[in-house]
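J.: Full structure from sequences and hints, please.
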Amino acid sequence: MEILNQISVSLQQGDDEKVFALTKQAIENGLYPKDILDNGLITGMNIIGEQFRKREIFLPDVLMSAKAMYAGLDQLKPLLISEGIPTLGKIVIGTVQGDLHDIGKNLVGIMLKGAGFDVIDLGKDVPPEKFIETAKKENAKLVGVSALLTTTMTNMKKVVDLIKNEGSDIKVIIGGAPVSKEFADEIGADAYAYDAAKAVEMVKEMV
Amino acid sequence: MKSILKRIQNGEILVADGAMGTMLFQRGLKPGEPPESVNMKNPEMLEEIALSYLNAGAVIIQTNTFGASPLKLSDYGLESKTEEINRIAVERVKKVVGNNAYISGSCGPSGKLLKPYGDTEPDDIYQSFKRQMRSLINIGVDLICIETMMDLNEAILALKAARSISQAITIIATMTFNETPRGFFTIMGNDIKTVAEKLEKGGADIIGSNCGNGIENMVKIAREFPKHTSLPIIIQSNAGIPEMKEGKLIYSETPEFFGEKTKELIKAGVSIIGGCCGTTPEHIKVIRKIVDIYIENDGNGNRLVRH
Numbered sequence: 001m002e003i004l005n006q007i008s009v010s011l012q013q014g015d016d017e018k019v020f021a022l023t024k025q026a027i028e029n030g031l032y033p034k035d036i037l038d039n040g041l042i043t044g045m046n047i048i049g050e051q052f053r054k055r056e057i058f059l060p061d062v063l064m065s066a067k068a069m070y071a072g073l074d075q076l077k078p079l080l081i082s083e084g085i086p087t088l089g090k091i092v093i094g095t096v097q098g099d100l101h102d103i104g105k106n107l108v109g110i111m112l113k114g115a116g117f118d119v120i121d122l123g124k125d126v127p128p129e130k131f132i133e134t135a136k137k138e139n140a141k142l143v144g145v146s147a148l149l150t151t152t153m154t155n156m157k158k159v160v161d162l163i164k165n166e167g168s169d170i171k172v173i174i175g176g177a178p179v180s181k182e183f184a185d186e187i188g189a190d191a192y193a194y195d196a197a198k199a200v201e202m203v204k205e206m207v
Numbered sequence: 001m002k003s004i005l006k007r008i009q010n011g012e013i014l015v016a017d018g019a020m021g022t023m024l025f026q027r028g029l030k031p032g033e034p035p036e037s038v039n040m041k042n043p044e045m046l047e048e049i050a051l052s053y054l055n056a057g058a059v060i061i062q063t064n065t066f067g068a069s070p071l072k073l074s075d076y077g078l079e080s081k082t083e084e085i086n087r088i089a090v091e092r093v094k095k096v097v098g099n100n101a102y103i104s105g106s107c108g109p110s111g112k113l114l115k116p117y118g119d120t121e122p123d124d125i126y127q128s129f130k131r132q133m134r135s136l137i138n139i140g141v142d143l144i145c146i147e148t149m150m151d152l153n154e155a156i157l158a159l160k161a162a163r164s165i166s167q168a169i170t171i172i173a174t175m176t177f178n179e180t181p182r183g184f185f186t187i188m189g190n191d192i193k194t195v196a197e198k199l200e201k202g203g204a205d206i207i208g209s210n211c212g213n214g215i216e217n218m219v220k221i222a223r224e225f226p227k228h229t230s231l232p233i234i235i236q237s238n239a240g241i242p243e244m245k246e247g248k249l250i251y252s253e254t255p256e257f258f259g260e261k262t263k264e265l266i267k268a269g270v271s272i273i274g275g276c277c278g279t280t281p282e283h284i285k286v287i288r289k290i291v292d293i294y295i296e297n298d299g300n301g302n303r304l305v306r307h
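The listed protein sequences correspond, in order, to chains A and B. So for the first sequence, our numbering puts the first residue at 1; every next one is plus one. So for the second sequence, our numbering puts the first residue at 1; every next one is plus one.
A hint or two may mislead.
No more than 16 Å apart at the CA atoms, straight line, and that leaves these computed lysine to aspartate or glutamate pairs for EDC-like [as the list claims (entries may be wrong)]:
{"id": "1", "chain 1": "B", "residue 1": "245", "chain 2": "A", "residue 2": "118"}
{"id": "2", "chain 1": "A", "residue 1": "157", "chain 2": "B", "residue 2": "246"}
{"id": "3", "chain 1": "A", "residue 1": "77", "chain 2": "A", "residue 2": "118"}
{"id": "4", "chain 1": "B", "residue 1": "248", "chain 2": "A", "residue 2": "182"}
{"id": "5", "chain 1": "A", "residue 1": "54", "chain 2": "B", "residue 2": "179"}
{"id": "6", "chain 1": "A", "residue 1": "124", "chain 2": "B", "residue 2": "179"}
{"id": "7", "chain 1": "B", "residue 1": "248", "chain 2": "A", "residue 2": "118"}
Rather than coming from a laboratory, the hints here were simulated on the basis of the structure.
T.: Here it is in structure tokens:
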């Protein structure tokens, strides 16, 4: 469908007004919300994610495209829910306790939503208990924890320990500037993602 | 003390200090506590750290004010303490170093994203930096060091804020780059050429890079800068990416490794060499040693090695 392609292109250009209008039009034309989501918004965000990963584009471009994505997604969400269309899966994300940096975490949230996941964002400075409580309450099988500071990344271990000590099957994926695969292994996290695009890839494998 | 810029013009290579956060962490700063809280709670720690870097051979000593702009402090409800936090940091360094080193007022990012990408107005960031700069400059820092910047627009706002307080003060401005297949860029997409040109135009006196992924990348960055600016270059590298070993954070790049790479930084024409996250007085001692060898080998006030 041409209109879906236009949605994808406008999203990549970061044109939120156009994405809003096109999504509205597509709904009025009677297209399936799931079709608009998958072949319009998600297609566009996938391309943005890939370009960001290769650093062909940078954070400002991604943030503008994210705004455009929400302009479409906010219209589709109630329709998707009322039609009972399942998302790819549910994930609880947040910045680790003590850390107030959320740009990276927000980016991961954007990319996961853009890939079709249901994302519950707990914000920043999130206590370890809050991650697991929310995951249980929302029946999410995945928790994503972010840290920017070397002084707070050690708090990630508390989240992992809490979940493992309970014998829960909830999986933990971690990321952030100072975090590495080795660090993830050391603290017993289930996965590590180098960047937001990788996070989406890993989460797809984990659900 | 002689002007720092004059010393650089005379071919001197100046050694700056290493990490602050790493040192505070070693001394009991808890994860999640703002590093600047030490200024009020335990200011002796600031003297101890300044002294250890001074003894290691640094002639530029930073204040513990990286996050002491009111916008950043507001994350912790400490914005009303902006003046006090900055004042104590400068006073304690001054007490230790006297006239034996330059006091460099550290100023890091606001932690906010500028409109339209984020929700913060440029003027809010500018006013926030201005309040910190006024504090630092009035109490008597020798330099301002705007560092770890990732958004060139924010760096320029900090520069302008400092210049609005003092036309005369020496300003260092450094940004943090990542390597990409197309060269080095900040996360906001600023390349070295644009950064160098805009910072120079914006009124910085010394420019370069800090933090990052390790000193090998810094050597590449150091070689790139002089192609785009005539200003002196400063490099303050992380000691690699931190790793967790037996419950402790370890930075992999040793003082010896830093020493080897310091030679390459000197060859690239860098004027000020120091450290960032993970570096310790041991790293600075080795940098001092290598720099001294180069200065000794010279004799005419000019650098010997420039390839």
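J.: With reference to the structure, classify each hint as holding or not holding.
T.: Comparing the hints with the structure gives:
1. Proposed proximity of residue 245 of chain B and residue 118 of chain A is contradicted: the alpha carbons are some 35 Å apart, above 16 Å.
2. As the CA atoms of residue 157 of chain A and residue 246 of chain B are separated by approximately 12 Å, the hinted pair is consistent with the 16 Å bound.
3. Our distance criterion of 16 Å between C-alpha atoms is met by residue 77 of chain A and residue 118 of chain A, whose separation comes to about 10 Å.
4. Only pairs whose Cα atoms come within 16 Å are accepted, and residue 248 of chain B paired with residue 182 of chain A is accepted, the gap being roughly 13 Å.
5. Our distance criterion of 16 Å between C-alpha atoms is met by residue 54 of chain A and residue 179 of chain B, whose separation comes to about 11 Å.
6. For the hint linking residue 124 of chain A to residue 179 of chain B, the alpha-carbon distance of about 28 Å lies beyond 16 Å, and the restraint is violated.
7. With a C-alpha separation of about 35 Å, the suggested pairing of residue 248 of chain B with residue 118 of chain A is violated against the 16 Å cut-off.
The structure is inconsistent with the numbered hints 1, 6 and 7, although it conforms to all the rest.
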